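**Q** Okay, here's what each chain looks like letter by letter:
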Amino acid sequence: MTFGLGVSAVGQGLLWATLGLGLFLTFRILDFPDMTVEGTFPMGAAACVAAINNGINPIWATLIAIGVGMLCGLATGLLYTKGRIPILLAGILVMTAAYSVNLRIMHGRSNLTLLDKPSLLKLPIFAHTPMYFDSVFLGFTVIVILTLVLIYFLQTDLGQAFIATGDNEKMARSLGIKTDNMKIMGLMVSNGVIGLGGALVAQNDGYADVNMGIGVIVIALASIIIGEVAFGELTMNQRLVAVTLGSILYRFVLLIVLKLGFNTNDLKLFSSVVLALCMMVPVFRDMFDLKRVWKRGIAAHD
Amino acid sequence: MTKPILELRHVVTKVNRNTPEELTLLKDLNLSINEGDFITILGSNGAGKSTLFNTIAGNLTIDSGDILLRGQSIANESEERRTRFLSRVFQDPKLGTAPRMTVAENLLLATKRGEHRHLKPRHLKQHMAEFKQMTSGMGNDLDERLTTPTGSLSGGQRQALSFLMATLKKPDILLLDEHTAALDPKTSQELMAATNERITAQKLTCLMITHHLDDALKYGNRLIVISDGKITYDVSGEEKQQLTQEKLYSFFSDLQE
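Chains A and B are the protein sequences, given in the same order.
Under UniProt numbering, the first residue of the first sequence carries the number 1, and numbering increases by one thereafter.
Under UniProt numbering, the first residue of the second sequence carries the number 1, and numbering increases by one thereafter.
Chain B extracted, bound-state conformation:
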């Protein structure tokens, strides 16, 4: 029995606290993630998928419950502090990269994720060969554009770069928030394949929100469904392998009723 790497216990997250607009987004949510889990997350809009990510990453503070990393509570740690073990890729290609900095500069920033940054020379040149090799693996000419500002890359290249930046320094937890949703179908498929390859090769622990039932079924060893701030469905291993689109559809239509 492996010990969970991340645990959410009875987590309640509210927004607009103590105002008439107060909303409870996560309602006593429990989730235990094992090392090496690749979990795909489904749920309708407003179900709490992004709230779950923001709660894990520390953008939102919890109202009750606890979040444990390897048994230690991290519930009171700031967003910046949590980056030493956590990285994420956003849906919007604009959010993941610094537009006026070059591809190589962005990658270099990511090599120091969660570390203190000092008045030491950055030594960009020493990293170029490594960056070149890494980006060539993405198969979208990113390696030819290391000295290009990321603002002039295509959305697909930017998301591929964001993904590389998130995994460059191996995170304990990787959060992918519909990172292929803003791309055209072909680019989206390519990035998804590259994502899966890297997650498998590096044995990353990953949570991935997606709206594609196909992707949710095809990738990962575990699938969860979030509805109304709770986890309402959780399958893994063999059971997940045997899951089909039809079964998921019927599950979703049950939820609607």
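Chain A extracted, bound-state conformation:
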């Protein structure tokens, strides 16, 4: 039983890691918080489930989810760069608008089920996997591909220009990098990945819900920041892997919280508390000299 829960946590962690990876591109590389994700995630889910309900193959349905995610990113990107709306507000505008669009996609219903319908988890290759392992395999496959694609992308000339835009915009422009285009591209890719996350989670849970986007930015940030706190100074490639590990660690934290007797209604509160605590680690570190304590802890395991 406990083993099963552990496997389930790993599977959930892998599927939700897509969110962390998507948000990493904007939050850590472009260096701004993109609220669009709270609308993109349920839109990816809604588009995918609606498409499958219309008889579209789950693989195509998942690709459609990526497409609608990219459109959300494009909308935010245009409002931000061409419309000169501050990024936080641009994201909130698109997120709010997405709520209505999501209801449209789901034909006015707040919940759309995948019961008895095909999904990526019911593909023939998963037919003989034990319970919960299907999401682990699916999540692992997607994360490996996604991480490799991102690693490749960030090492290209275009990827480097994208990183430079987030690092020093004025310098980037003085080297001829079109920073507005870089930001729009980043928002599109980021939200495309988050749309993918919505599609995967919806297929794993068996339904799409119009409210499933609430608080997902906190979950995505938690995987990024838990990864950073747990693994410290890393190269860019290692940081991408750390996001996935952070996402899995986060699921185990939630599992422990549930084991302690709290119920699922309390999870959003705990998500925020966990994220807040992780973000305050540098402050605590200065206060208590945690580094020394940790080093001793690690040394003991050697």
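It is worth saying that the hints were derived from the structure and are not from the lab.
One or more hints might be untrue.
[Claimed, not checked] Pairs of lysine-lysine residues, derived as DSBU-like cross-links and limited to a Cα-Cα distance of at most 30 Å, are as follows: (1) 170(A) to 230(B); (2) 27(B) to 170(A); (3) 247(B) to 169(B); (4) 170(A) to 170(B); (5) 14(B) to 82(A); (6) 170(A) to 14(B); (7) 203(B) to 178(A); (8) 14(B) to 178(A); (9) 125(B) to 178(A); (10) 178(A) to 94(B); (11) 169(B) to 170(A); (12) 170(A) to 132(B); (13) 170(A) to 94(B); (14) 14(B) to 27(B); (15) 169(B) to 178(A); (16) 230(B) to 82(A); (17) 203(B) to 132(B); (18) 120(B) to 82(A); (19) 218(B) to 178(A); (20) 203(B) to 125(B); (21) 112(B) to 94(B); (22) 178(A) to 240(B); (23) 169(B) to 203(B); (24) 203(B) to 170(A); (25) 3(B) to 125(B); (26) 170(A) to 112(B); (27) 240(B) to 170(B); (28) 178(A) to 170(B); (29) 170(A) to 120(B); (30) 27(B) to 230(B); (31) 120(B) to 178(A); (32) 203(B) to 186(B); (33) 186(B) to 170(A); (34) 125(B) to 170(A); (35) 82(A) to 112(B).
Remember, it's a predicted structure, so these values are computed and weren't measured experimentally.
Starting from the known structure of chain A, fit chain B onto it as the hints suggest.
**A** Just chain B, lined up with the frame of chain A:
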């Protein structure tokens, strides 16, 4: 007679257009720059030196007049587009480099100044030897720190790197905006010497804003003074060689009156 590489004709630049705070910063400014000119620019604060650079680089659009590169108007080109022939070094060491990227990564970005960037692998390793050789010429251990994020370099190292990045891909026009002003006197002198050496060796066309009369006199083949949005003094060649601090001082005090 060499043809001018860059010409500013009757350039007027305003900021805060159509607001009560409207200010005319460049007032019918004319400047003709020949290929290979190394021009030092003096002027008091607010005279329009930085505005001149921002106008040439495209950060500010002009209200009238024209800017010509080899006879072709570039007045309507964007800042990004102008980087294919122009590069600049800012006064603030923080502005010229990407802090979280390494020295080598910053240099690699600069090799493609003004070019389209594609989804092609960047091939950082193939450039390392070249970068090592280039940075060792700056004499400040920059070559030992190629894989260090630039955020942890000293101000002098960062400015030396910014300067290298600006000249790595030879620009038609190089703008130096008091690039040694934020450094201590010794580092400033070293960077100035390295700057002069590279500009002379590569025969770069360069405009350099400075507050040091010494540097303005010592370096370059031409000296201009900007006051109140216009060029009020322009000497070159022999005449510039014979210019002294005293003459410049008296010129500046004449301006004040």
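**Q** Each hint needs a verdict: does it hold in this structure or not?
**A** Hint by hint, here is what the structure shows:
no.: 1; hint: 170(A) to 230(B); result: 27 Å, holds
no.: 2; hint: 27(B) to 170(A); result: 27 Å, holds
no.: 3; hint: 247(B) to 169(B); result: 38 Å, violated
no.: 4; hint: 170(A) to 170(B); result: 20 Å, holds
no.: 5; hint: 14(B) to 82(A); result: 23 Å, holds
no.: 6; hint: 170(A) to 14(B); result: 21 Å, holds
no.: 7; hint: 203(B) to 178(A); result: 29 Å, holds
no.: 8; hint: 14(B) to 178(A); result: 25 Å, holds
no.: 9; hint: 125(B) to 178(A); result: 25 Å, holds
no.: 10; hint: 178(A) to 94(B); result: 20 Å, holds
no.: 11; hint: 169(B) to 170(A); result: 19 Å, holds
no.: 12; hint: 170(A) to 132(B); result: 26 Å, holds
no.: 13; hint: 170(A) to 94(B); result: 10 Å, holds
no.: 14; hint: 14(B) to 27(B); result: 9 Å, holds
no.: 15; hint: 169(B) to 178(A); result: 18 Å, holds
no.: 16; hint: 230(B) to 82(A); result: 34 Å, violated
no.: 17; hint: 203(B) to 132(B); result: 22 Å, holds
no.: 18; hint: 120(B) to 82(A); result: 28 Å, holds
no.: 19; hint: 218(B) to 178(A); result: 38 Å, violated
no.: 20; hint: 203(B) to 125(B); result: 29 Å, holds
no.: 21; hint: 112(B) to 94(B); result: 21 Å, holds
no.: 22; hint: 178(A) to 240(B); result: 40 Å, violated
no.: 23; hint: 169(B) to 203(B); result: 13 Å, holds
no.: 24; hint: 203(B) to 170(A); result: 27 Å, holds
no.: 25; hint: 3(B) to 125(B); result: 41 Å, violated
no.: 26; hint: 170(A) to 112(B); result: 16 Å, holds
no.: 27; hint: 240(B) to 170(B); result: 26 Å, holds
no.: 28; hint: 178(A) to 170(B); result: 20 Å, holds
no.: 29; hint: 170(A) to 120(B); result: 24 Å, holds
no.: 30; hint: 27(B) to 230(B); result: 6 Å, holds
no.: 31; hint: 120(B) to 178(A); result: 17 Å, holds
no.: 32; hint: 203(B) to 186(B); result: 25 Å, holds
no.: 33; hint: 186(B) to 170(A); result: 28 Å, holds
no.: 34; hint: 125(B) to 170(A); result: 26 Å, holds
no.: 35; hint: 82(A) to 112(B); result: 25 Å, holds
Hint compliance for this structure: hints 3, 16, 19, 22 and 25 are broken, all remaining hints hold.
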